[in-house]
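Given the coordinates of chain A, assemble chain B onto it according to the supplied hints.
Protein chains in written order, with my numbering: chain A, 323 to 765; chain B, 15 to 292.
In case anyone wonders, no lab produced these hints; they're calculated from the structure.
Fair warning: this is a prediction, and the values are worked out from it, not measured in the lab.
Heads up, a few of these hints could be off.
Which chain B residues stay away from chain A? Per the calculated CB distances, all over 10 Å, these [to be verified]: (1) A142; (2) Y147; (3) N237.
Derived coverage of chain A by chain B (criterion: at least 3 residues anywhere in the stretch with Cβ under 8 Å from a Cβ of chain B; other residues may be distant) [to be verified]: (4) 404-412; (5) 432-439; (6) 442-453.
We put the CB at the ideal spot given by N, CA and C, even for glycine.
The residues making up each chain are set out below.
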Amino acid sequence: MTVKSAIVLDHVTKIYRRFGSRHFATLKSALLRRSILEDLKPSETFCAMNDVSLRVPTGSTFGVIGRNGSGKSTALKLVAGITKPTSGTVTVTGRISALIELGAGFHPEISGRENVFINGIMLGLTKREIERRFDEIVEFSDLADFIDEPVKNYSSGMYMRLGFSVAVHVDPEVLLVDEVLAVGDEAFTHKCLDKFADLKRRRKTILLVTHSLNLVERFCDEAMWLDGGRNEAEGDSKRVVDAYMAKVQLDEERQLATADVRARQDADSAARSQPRAAEAAGPTADVKHLGEGRWGSRVVEISQVGLLDLHGQAAHVFQAGDLMRIHLRVRASRPVDDFVFAVGIFNAEGVCVYGTNTEIEGFRPQSLSGDADVFLYFEALELVEGTYKVDVAVHTRDGVPYDYHRLFYTFRVKSRTKDVGIYRPRHRWEFEGQVSIAPQEPS
Amino acid sequence: MWHNLAQLLRYRGLIQSLVARELKARYRGSALGIFWSFGNPLLLLLIYSAIFKYFVPNRDSTVQPYVLFLFCGLLPWTWFAASLNESVGSLIAGGNLIKKVLFPAEVLPIVSVLANMVHFLLGLPILAGFLVYYAYTGPGAAPGTPAIAQVALHPAELIWLPVVILIQLVLTTGLALMLSALTVHFRDVRDILANFLTFWFFATPIIYPVQSVPGLKPLLDLNPLTHLTVSYQEILFYPDNAFGHVYWLLVLGGVSVVVFLAGYWLFDRLRDSFAEVV
Numbered sequence: 323m324t325v326k327s328a329i330v331l332d333h334v335t336k337i338y339r340r341f342g343s344r345h346f347a348t349l350k351s352a353l354l355r356r357s358i359l360e361d362l363k364p365s366e367t368f369c370a371m372n373d374v375s376l377r378v379p380t381g382s383t384f385g386v387i388g389r390n391g392s393g394k395s396t397a398l399k400l401v402a403g404i405t406k407p408t409s410g411t412v413t414v415t416g417r418i419s420a421l422i423e424l425g426a427g428f429h430p431e432i433s434g435r436e437n438v439f440i441n442g443i444m445l446g447l448t449k450r451e452i453e454r455r456f457d458e459i460v461e462f463s464d465l466a467d468f469i470d471e472p473v474k475n476y477s478s479g480m481y482m483r484l485g486f487s488v489a490v491h492v493d494p495e496v497l498l499v500d501e502v503l504a505v506g507d508e509a510f511t512h513k514c515l516d517k518f519a520d521l522k523r524r525r526k527t528i529l530l531v532t533h534s535l536n537l538v539e540r541f542c543d544e545a546m547w548l549d550g551g552r553n554e555a556e557g558d559s560k561r562v563v564d565a566y567m568a569k570v571q572l573d574e575e576r577q578l579a580t581a582d583v584r585a586r587q588d589a590d591s592a593a594r595s596q597p598r599a600a601e602a603a604g605p606t607a608d609v610k611h612l613g614e615g616r617w618g619s620r621v622v623e624i625s626q627v628g629l630l631d632l633h634g635q636a637a638h639v640f641q642a643g644d645l646m647r648i649h650l651r652v653r654a655s656r657p658v659d660d661f662v663f664a665v666g667i668f669n670a671e672g673v674c675v676y677g678t679n680t681e682i683e684g685f686r687p688q689s690l691s692g693d694a695d696v697f698l699y700f701e702a703l704e705l706v707e708g709t710y711k712v713d714v715a716v717h718t719r720d721g722v723p724y725d726y727h728r729l730f731y732t733f734r735v736k737s738r739t740k741d742v743g744i745y746r747p748r749h750r751w752e753f754e755g756q757v758s759i760a761p762q763e764p765s
Numbered sequence: 015m016w017h018n019l020a021q022l023l024r025y026r027g028l029i030q031s032l033v034a035r036e037l038k039a040r041y042r043g044s045a046l047g048i049f050w051s052f053g054n055p056l057l058l059l060l061i062y063s064a065i066f067k068y069f070v071p072n073r074d075s076t077v078q079p080y081v082l083f084l085f086c087g088l089l090p091w092t093w094f095a096a097s098l099n100e101s102v103g104s105l106i107a108g109g110n111l112i113k114k115v116l117f118p119a120e121v122l123p124i125v126s127v128l129a130n131m132v133h134f135l136l137g138l139p140i141l142a143g144f145l146v147y148y149a150y151t152g153p154g155a156a157p158g159t160p161a162i163a164q165v166a167l168h169p170a171e172l173i174w175l176p177v178v179i180l181i182q183l184v185l186t187t188g189l190a191l192m193l194s195a196l197t198v199h200f201r202d203v204r205d206i207l208a209n210f211l212t213f214w215f216f217a218t219p220i221i222y223p224v225q226s227v228p229g230l231k232p233l234l235d236l237n238p239l240t241h242l243t244v245s246y247q248e249i250l251f252y253p254d255n256a257f258g259h260v261y262w263l264l265v266l267g268g269v270s271v272v273v274f275l276a277g278y279w280l281f282d283r284l285r286d287s288f289a290e291v292v
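Excised from the complex, chain A in its bound form (with noise of 0.2 Å):
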């Protein structure tokens, strides 16, 4: 290793004990048992960190990503030394200063200055070192004027700020950074990323624990991702975050599936219990129907409904401007002339967004018997992010329907612009005259 390692973690596995689900509630019981030792013993266990490897190069700023749970703020306590390994070992070569919880050690009734002093020393400086500091800590926090004030009277920003503040004035050789960039306003991010920057160009290691999928990709040389407890994948920053996308993606797909899948099932056991009074309600009650159904007298049945992609997958998430296909399976237990088939998107707040069917696009029904595939093509989807609803039936012309399928099929729209509204019209931006204007470079 010629490379020197801030950080290491060495086959690094940790297992919290649940201490909640204890059988004794009291002393008392514990005494009277004479358990008390076996019960101070763990009686459940639960694996945050499953044999985890890790290597942290001085000098480069390290991303821990994953879902919530994964285990990202454990390897965090686990390197800040504030819990222990069960197994393996942590190794850490410099100061550390932790942003794990801003302001974690203010004391409400005392004054921010006197604050700054004991945060300092509880996070390693002394005395005399955070005199020489304080005016830098105090410029950075923008606190000036409030300073002398007792604490509890601050504001949670004013309280992130000034606890930020002390953590990166500490002058760590290691930082580590939990999700804390969240708190401030766009400026005083600004004023953290900057810093942090600094840092990185002093040669300091930051351990970055984020949700912020850009700011590691933008910020980090390396990046981890853990999934479970688990090393799921590690290296180069961009290359993990797309990896970790993609599974994101993979899971909401499946999550959609399901979904689709558990609402088609009880729609289908809904109807089989109650099929007449299904039938009878007809479709003026029924188009107020505000959840999810299904009702119609089934001549002509929707047998499948699929949403596909480009490639005629089939797929729950697309991205925005996506091609969008969607194909009924409809079966006719009896010929029939009259027919009409319609398809509705709404969006999460239960706006429709577009309705529309053949008979209003002067399709004029001829016949139709036995098995027949329809398909929609949406040959853009020009919506913005978000979550939407399909609702798809076949009908006669009076609107009496066959099969009406109330909200069954949900897809995901995602996007990298974050606009807003609900349609996305195809559009650019031109500039002319005295102005300046770049595109931001993609993050």
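Frame of chain A, contents of chain B only:
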């Protein structure tokens, strides 16, 4: 354990500033501030003086003036009891620090004990003032007993006072460490302690002289606080200048060190669970 114990010395700056913070925070917003540390024992002493002079005069001739006798035991007891009461909850109250910052947990109960020691030390001059005042005026002396004509404070005895205080500090810290660590796992320690302290108070010769209950003496001798209290009383209250309790005190000193080490050992054993359970 020994390594961690040695580390404690490194944290003295932290302990010092936390004790200062504790004291500052307690009086923050009050007009008299730190003077309450003098004011509280002073007012209490005045109230007790009035009560034992006019309402329930204590006729035991060996303990006159009674209010001073009482105070010699009460002041250290207050330190002891308040330290334990505060330190049992200190780990839970400081949970944020233990969970989120790399923080030596034992500092928290130690700070509770030390902050209360400061209150105790600030109360001592008040007591001393009254001792001197009564010694010269002797208004509390009951008829038929020799008036306390001389100052009860003898330099030969007074040099023992720091020793007694040190022993109490070691003993209290040991118990505080033990109880605070147990409270993390058994929250009821706090309530048990509160009640037990009431019992303990009366099982210690604070409101009565130890000589008045000769039958119980063997039992009282088992109570470490008995020896602390008697030591304070001999040094501060009884006028003769021979500190007769010195052997008991030294035994207690040994016991305190054992209690401290046991407390620290237990604390150290449970340390790793704090961040997860608190």
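We went through each hint and held it up to the structure:
Every Cβ of chain A is farther than 10 Å from the Cβ of A142(B); the closest lies at roughly 31 Å, confirming the non-interface assignment. Y147(B), annotated as away from the interface, keeps every beta carbon of chain A farther than 10 Å; the closest lies near 36 Å. Distance to chain A confirms N237(B) as a non-interface residue, since its nearest Cβ pair spans about 22 Å, more than 10 Å. Counting residues of the region 404-412 of chain A whose C-beta sits closer than 8 Å to any C-beta of chain B gives 3, which meets the bar of three, so the coverage hint holds.
For a cut-off of 8 Å, the count of residues in the region 432-439 of chain A with a CB near a CB of chain B stands at 3, and the three-residue condition holds. Remark: the region 442-453 of chain A is confirmed as covered by chain B, as 5 of its residues place a Cβ nearer than 8 Å to a Cβ of that chain, reaching the required three.
Violation of the numbered hints given earlier is absent; every hint is satisfied by the structure.
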